[in-house]
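Listed in order, the protein sequences are those of chains A and B.
As numbered in numbering that gives the first Met the number 0, residues 0 to 372 make up the first sequence, in order.
As numbered in numbering that gives the first Met the number 0, residues 0 to 532 make up the second sequence, in order.
Treat each hint with caution, since some may be false.
Quick partial rundown of chain A residues pointing at chain B, CB under 7 Å, derived from the structure [as the list claims (entries may be wrong)]: (1) 192; (2) 238; (3) 247; (4) 250; (5) 253; (6) 315; (7) 317.
DSSO-like mimics (lysine-lysine), calculated; alpha carbons at most 27 Å apart, straight line [stated by the list, open to error]: (8) A:28 - B:76; (9) B:76 - B:366; (10) B:505 - B:413; (11) B:366 - B:413; (12) A:28 - B:413; (13) B:214 - B:189.
Coverage of chain B stretches by chain A, computed from C-beta distances (three or more under 8 Å per stretch; other residues unrestricted) [what the hints assert, rightly or not]: (14) 90-99; (15) 278-284; (16) 386-399.
Since the hints were derived computationally from the structure, they do not count as laboratory data.
Every residue, glycine too, gets a C-beta built ideally from N, C-alpha and C.
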Amino acid sequence: MSGRLAQMPENHVDQIGAPPAQPGLRLKKAFSVLGPFFGLALVVGLFMAMLALKDIADQMQKENLHGFTGWTRAVRQGSFDGLSAFVSVANIKTVLAQTVIVAVGALGMTMIIVSGGIDLSVGSVVALTSVLGALLLHRGWGTGPVIAATVLGGSLVGLVNGGLIAGFRLMPFIVTLGMMGVARGTAKWLAGNQTVNYPIESSLNNLMKMEDLDHLFPLPHGVWIAAGLAGLLALIMRQTVFGRYVFAIGSNEATARLCGVRVSLQKVLIYTLAGLFFGCAGLMQLTRLTQGDPSGAIGLELDMIAAVVIGGASLSGGSGSVLGSMVGAFIIQTLRNGSSLMSWPTFTQEIIIGAVIILAVGMDRLRQRRFRA
Amino acid sequence: MLAFRIPNSALRGVLRLALRIPHSALRTGMTPRLAMSGVRKSFGATRALRGVSLTVGPGEAHALIGENGAGKSTLMKILSGACPADEGTVALDGVRFEPQNPLHARRGGIAMIYQELTLVPDLSVEENILLGAEPATCGWLRRGRRRQLARQALAELHHDSIPPEIPVNRLTIAEQQVVEIARALIGEAKVLIMDEPTSSLTRIDTENLFAIIDKLRRRGVSIIYISHFLEECQQVCERFTVLRDGESVGTGHMRATPLSEIIHLMVGREIQEIYPRTERTLGRPVLELRAVGGHSKPASVSFSLRAGEILGMAGLIGAGRTETLRACFGLDRLARGQIAVFGVERTQAAPRARLRSGVGLLSENRKEEGLMLERSVADNLTLTRFGPLARLGFISSRQQARCAEGWMRQLEVKAQGPGQPIVELSGGNQQKIALGRLLHHEARILLLDEPTRGVDVGSKAQIYRLMGALAAAGKSVVFVSSYLPELLGVCDTIGVMCRGVLSEVKPARDWTEHSIIAAAIGSGTEEQEGPTL
């Protein structure tokens with residue numbers, strides 16, 4: 000618009016520096032940013048306590064101690080193997096490395112969920128892209144082209160999803176449910192219904208390699224890549240017009256349309272861009288397993304959705320943060336890791352993770368209601 | 000906001016009517032079917048009802064008349080149990096009646112037919128008629144009995160041609176309304192409330208409806224008939240009560256009272272100078288509509304908006320004013336006609352293109368469409384124009400907050416800060432943010448749809464001032480409102496919409512509240528100074 004008609008209030012120009020936010024508002028914001036971290040601290044703390052108790056009980060059993068005096072002796076003499084294994088550098092490193100796939104997928108999922116959509120096809124897309132990568136490596140493609148092809152393959156599926164959702168005004172739930180089957184079937188078809196192996200000396204395998212378990216650094220490349228992608232997406236979501244439109248569509252699609260946002264185009268872009276992240280996750284799945292498995296990563300999308308929701312996003316769209324989703328992914332992996340150190344069976348893990356998701360969302364609602372009041 | 004003084008003439012009218020037409024209940028010596036007196040109701044600081052009395056005899060059709068926002072809906076909500084009255088008494092057949100919830104009211108014999116049909120579209124006719132009152136034995140549905148009851152109800156309305164087993168979405172609107180009435184009759188209704196029942200009916204269907212009403216009256220059912228169409232009221236109703244600003248200001252015999260007198264009762268106030276006039280000169284046309292029509296509404300709209308002009312658009316709810324604005328802004332597709340913006344003909348354009356050419360729309364529905372409720376004040380203000388806040392494509396949060404702060408100060412928005420979610424703000428402040436978005440966008444043509452609805456008095460005055468200032472700066476405003484004093488006070492020119500057609504746009508001083516109402520209800524009974532449509 001022409002400057003002649005500029006209606007910007009003049010008095011704001013000479014006010015330099017950030018506007019003073021009210022303390023209540025700042026506290027609220029801090030609370031919502033820190034929420035997932037509180038959750039993480041809670042989970043870690045609980046597991047530390049449970050592992051310590053378990054270590055003490057094991058010690059008492061080993062030395063045949065009884066009663067309160069026996070308990071105090073066990074506390075003094077105990078080696079706390081389980082607890083120290085949990086908080087060891089090697090374990091933290093392992094959890095980080097295990098988080099990577101879900102975390103990268105959760106990035107794409109964050110974008111989709113913030114825009115008010117959902118993607119159920121991610122597990123299948125991860126399997127499909129990992130099979131694709133393995134097949135291309137098998138044919139002797141170089142590392143670079145394989146990475147490009149895998150990531151673009153993921154975004155191509157996203158493009159189809161987004162095109163169907165925006166073009167025909169279909170429900171994302173249904174479209175991606177269908178795509179879940181289509182992508183899975185395609186993966187099995189490409190792979191001839193078996194795992195695809197490739198020459199093991201490919202440089203891609205260094206992506207997730209763990210070295211020097213006694214020190215936190217160097218971290219596996221995958222962790223850095225995930226962190227880099229997270230930083231990039233956070234910037235996109237917070238500071239670009241594209242990112243603001245994602246929030247706008249998720250918050251109120253009618254308003255977005257009223258404000259001249261090209262909602263359909265935007266949706267196609269969102270699903271396509273998210274597909275890039277899912278392709279990345281597929282690539283990481285490939286290097287972790289060192290083979291393309293067409294029946295792997297089943298239900299992976301649910302872990303990603305859970306991570307995003309634990310991270311403070313609302314499934315009705317309009318809210319969510321990249322940082323929260325990353326912490327959410329880490330929480331889920333910590334739960335898995337802690338449960339296996341507690342030597343709980345898999346079914347217990349499943350029950351606990353399910354309960355934590357419900358708890359996290361419930362606490363979030365409670366928190367919001369308190370602030371509303 | 001306005002200290003309304005009832006003009007002497009209105010008072011005389013009330014007295015004369017009251018004396019000339021004795022109460023039907025008194026005349027016949029019967030207990031009235033429904034007697035409401037001194038009913039008051041407040042929502043927060045808003046006094047929706049400030050003393051309403053209404054008496055309806057058995058088998059009487061009673062017209063409830065008033066402008067939009069006069070309190071008719073609130074009164075009916077109290078009667079149908081949707082909300083309790085703060086003060087006053089309601090008696091049904093002489094017995095105190097205080098419905099706690101809609102079911103209670105329905106059991107007491109109050110049935111309501113809403114303006115929008117409330118049928119379940121996929122269920123069958125009989126399922127709809129007996130919804131909530133299904134004949135059953137220990138929870139087992141008695142299908143045969145249901146069909147029988149449904150047939151009976153339809154036969155009573157002389158509409159046994161409607162098959163009870165087909166889904167209602169395959170019926171015409173008029174037939175659906177018959178089903179709705181049949182449902183109301185199932186519960187042995189004593190009082191049937193009809194809210195604008197003819198707004199979506201054709202002439203013939205309307206005549207059929209009137210026949211049904213006559214039949215019901217002969218059965219002793221009392222009818223409260225709410226309508227803006229006064230001729231219809233004259234045709235079906237015996238008596239009327241006029242509500243104005245939450246008070247019942249007059250009651251009388253429908254056929255014996257000239258319509259002009261009823262209109263006078265509806266308006267009955269003097270316009271005071273709370274509307275600031277700014278010096279403005281009208282420039283060349285910036286927005287021209289020629290015979291614009293949509294797929295359902297509007298039917299035909301033509302006007303020419305000039306630079307620096309505030310054009311008011313009056314009309315009843317549902318007349319097609321919102322649809323006209325949406326069509327101008329490219330939210331709804333046009334069926335015919337042409338639109339030119341700043342002299343360039345661009346009939347079909349997406350909202351994005353309209354915004355680019357400097358047209359902005361303020362939605363009448365702040366919560367559903369206008370705002371992103373859980374997003375911050377700053378995000379809502381700047382959504383259409385991030386350009387000045389960004390460098391190399393990255394938006395600066397600090398710039399955005401500062402810009403929002405500036406607008407908040409200028410518009411006197413009461414909020415904790417630019418980061419506060421907009422849902423936590425009051426209606427007036429929310430509306431200022433929605434308007435602020437158009438200012439930030441530097442829109443040169445502002446289409447404002449009911450900008451003062453649900454807004455407190457102070458913010459209203461501010462919005463009027465803002466509109467005046469915009470026009471003085473050479474911008475143009477289309478101002479849709481159902482509140483006539485503000486239209487007459489603020490606008491340079493006014494057009495009235497009736498059933499999808501916009502009247503000739505004339506200077507505001509050539510209109511009166513009477514002539515606007517007459518034009519809006521499509522009434523042929525004009526005041527002497529009024530226009531002939």
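Hints versus structure:
no. : hint          : result
1   : 192           : violated (43 Å)
2   : 238           : holds (4 Å)
3   : 247           : holds (6 Å)
4   : 250           : holds (4 Å)
5   : 253           : holds (4 Å)
6   : 315           : violated (9 Å)
7   : 317           : holds (6 Å)
8   : A:28 - B:76   : violated (40 Å)
9   : B:76 - B:366  : holds (22 Å)
10  : B:505 - B:413 : violated (38 Å)
11  : B:366 - B:413 : holds (18 Å)
12  : A:28 - B:413  : holds (19 Å)
13  : B:214 - B:189 : holds (14 Å)
14  : 90-99         : violated (count 0)
15  : 278-284       : violated (count 0)
16  : 386-399       : holds (count 8)
Violation of the numbered hints given earlier is confined to hints 1, 6, 8, 10, 14 and 15; the remaining hints are satisfied by the structure.
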